[in-house]
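Numbering (the working numbering), first residue to last: 21 to 266.
Simulated from the structure, these hints should not be mistaken for lab results. Small disclaimer: the values here were computed from a predicted structure and weren't measured. Think of the CB as a built atom: it goes at the ideal place given N, C-alpha and C, for glycine as much as any other residue. Incorrect hints may have been included.
Restricting the straight-line Cα-Cα distance to at most 25 Å, the calculated cross-link-like pairs of lysine-lysine (DSS-like) are [to be verified]:
| no. | residue 1 | residue 2 |
| --- | --- | --- |
| 1 | LYS92 | LYS131 |
| 2 | LYS92 | LYS70 |
| 3 | LYS131 | LYS156 |
| 4 | LYS156 | LYS136 |
Label-pair restraints from in silico Cβ distances [unchecked claim]:
| no. | residue 1 | residue 2 | range |
| --- | --- | --- | --- |
| 5 | ASN114 | SER87 | 35 to 41 Å |
| 6 | SER53 | ALA125 | 17 to 23 Å |
| 7 | PRO178 | LEU152 | 27 to 33 Å |
| 8 | PRO69 | GLY106 | 36 to 42 Å |
| 9 | SER71 | GLY192 | 37 to 43 Å |
| 10 | HIS72 | SER112 | 40 to 46 Å |
| 11 | PRO178 | SER112 | 36 to 42 Å |
| 12 | PRO161 | GLY128 | 17 to 23 Å |
| 13 | SER112 | GLN68 | 41 to 47 Å |
| 14 | ASP124 | GLY180 | 17 to 23 Å |
| 15 | SER71 | ASN149 | 32 to 38 Å |
| 16 | HIS72 | THR127 | 22 to 28 Å |
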Amino acid sequence: GSAEAGEAAMSGSIPPAGTLPTGTRVRLHAIASQPRLNGRCGTIAGYQPKSHRYEVQLLGFVAGGPSRIMIKPGRVVQAVVAQVQGIRSDSSLNGRSCAVVDFDAATGRYKLCLVKSGAAVSDDDLSANMLLLRPKNVVLPEGCYVRHASTGGRAAWPSGAIGRVASVRREGRAYLVEVARTEVFERQPPRAADEEDDGASEASACLSRDDRHHPGAGSRARQPGVPAARRGAEMRETPCEEVVLL
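From just these sequences and the hints, can you work out the full model?
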């Protein structure tokens with residue numbers, strides 16, 4: 021079924037705890053203490069849960085600058101190139117390629133810079149041709165990681181879930197997203213060797229009603245489970261305005 025297919029497709033691809041996986045290319049932004057790092061690109065080298073920071077390997081060389089830094093998740097954004105759509109005030113922008121520089125949660129808008137299709141983003145690009153656009157006017161590329169922008173809506177995801185854009189639907193008005201899903205269940209501990217005789221399971225399953233009232237009578241029938249989690253994914257078609265780049 022679709023659920024099984026989703027679990028297979030997402031195996032190993034969705035990072036834990038809503039973090040970006042190792043190897044993801046990112047762009048630094050909103051670093052007040054070291055503003056010269058803003059706009060620099062790098063790749064995720066790891067995540068430190070205790071400090072809640074990414075380790076980022078910076079790309080390129082800057083004299084006197086670091087090659088690796090530890091940085092909060094809110095100071096990086098995936099270095100992707102998106103497309104502009106649905107601008108009525110200036111239709112010449114529609115279809116143009118733009119690099120995502122930042123997402124301002126307060127205004128609900130992306131900060132983007134226009135770039136030539138397929139061209140690398142330069143420092144000059146980041147200081148010019150800037151746009152502020154709502155998510156519905158930005159088509160993100162397939163393969164990028166996203167989160168749900170609101171708590172309501174018919175396509176709301178599980179709390180805290182992240183997803184990966186599988187395809188763009190309805191002429192750019194929606195995404196088909198592989199949404200991470202975690203199922204918590206009870207795993208039974210392995211039975212002791214002396215319980216693995218041929219009649220142990222039958223005897224345990226056939227305890228009489230009176231036996232069940234005696235302390236310890238049911239201990240062989242069912243031991244306390246160990247909490248465990250099974251991770252998979254499900255496909256959700258979600259409107260563009262409800263999806264934000266992670």
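Evaluation of the provided hints:
1. LYS92 to LYS131: Given pair LYS92, LYS131 holds - Cα atoms ~19 Å apart, limit 25 Å.
2. LYS92 to LYS70: 12 Å, holds
3. LYS131 to LYS156: It holds: about 13 Å lies between the C-alpha atoms, which stays within 25 Å.
4. LYS156 to LYS136: OK: LYS156 and LYS136 at ~21 Å, within 25 Å.
5. ASN114 to SER87: 35 to 41 Å: 39 Å, holds
6. SER53 to ALA125: 17 to 23 Å: 20 Å, holds
7. PRO178 to LEU152: 27 to 33 Å: 30 Å, holds
8. PRO69 to GLY106: 36 to 42 Å: Between PRO69 and GLY106, where Cβ atoms are some 39 Å apart, the hint holds.
9. SER71 to GLY192: 37 to 43 Å: Roughly 39 Å apart at Cβ, these two residues keep to the hinted range, so it holds.
10. HIS72 to SER112: 40 to 46 Å: For SER112 against HIS72, whose Cβ atoms are near 42 Å apart, the range 40 to 46 Å holds.
11. PRO178 to SER112: 36 to 42 Å: At 40 Å between Cβs, range holds.
12. PRO161 to GLY128: 17 to 23 Å: 20 Å, holds
13. SER112 to GLN68: 41 to 47 Å: Distance hint for SER112, GLN68 holds at roughly 45 Å.
14. ASP124 to GLY180: 17 to 23 Å: Cβ of ASP124 to Cβ of GLY180: about 21 Å, so the range 17 to 23 Å holds.
15. SER71 to ASN149: 32 to 38 Å: Holds, since SER71 and ASN149 (Cβ atoms, about 36 Å apart) stay within the stated range.
16. HIS72 to THR127: 22 to 28 Å: 25 Å, holds
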